[in-house]
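Model the full assembly from the supplied sequences, consistent with the hints where possible.
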Amino acid sequence: MQIRRKMATAAVTVAVAGAGLIAGTGSAFAGTNGQQIQIDDASGRARSVYIGGTNQNGSYVGHCFNISPGNSTPLGGWWWKNSVDVTAYSYANCGGGRFYYKNAWINTTQSWGDYQVVSVH
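Residue numbering for the sequence shown is -30 to -1, 1 to 91, as defined by mature numbering (1 follows the signal peptide of the UniProt record, and there is no 0).
Don't take each hint at face value.
Unchecked claim - Ranges between beta-carbon positions, derived for each pair:
1) G14 / S81: 28 to 34 Å
2) G67 / A12: 17 to 23 Å
3) N41 / G66: 34 to 40 Å
4) D55 / G83: 18 to 24 Å
Quick caveat, the hints were computed from the structure, so don't treat them as lab data.
Note that beta-carbon positions come from the ideal geometry of N, C-alpha and C, so glycine has one too.
This is the structure in structure tokens:
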């Protein structure tokens, strides 16, 4: 009788733990009030970019980001939406002369993730 009780207790414990894992996972979703930007440096010479535009709160903000030349660099922690200006520089910390500028449209929402790719040429 004691073995049956232990097995029943173990089965209930496993079922509760499994239900907790399933309930706790929640569905992942993309940003719904702006996106983070991922810079794709197709030029191979960008060392930094300055991004200025509207953030998720509707305020104008600007920031310089150092990036990895010739690679795709996610700029996490900064959320943007609508029109942003992207200026690429040949040196770190937005120095050394800019060589590329573009105005990019950042979606307010998207279904595939929190990053929107902006290419620098």
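Discussion item. Could you work out which of the previously given hints the structure breaks and list their numbers from low to high?
Written reply: Checked against the structure, the only hint that fails is number 3, while the rest are satisfied.
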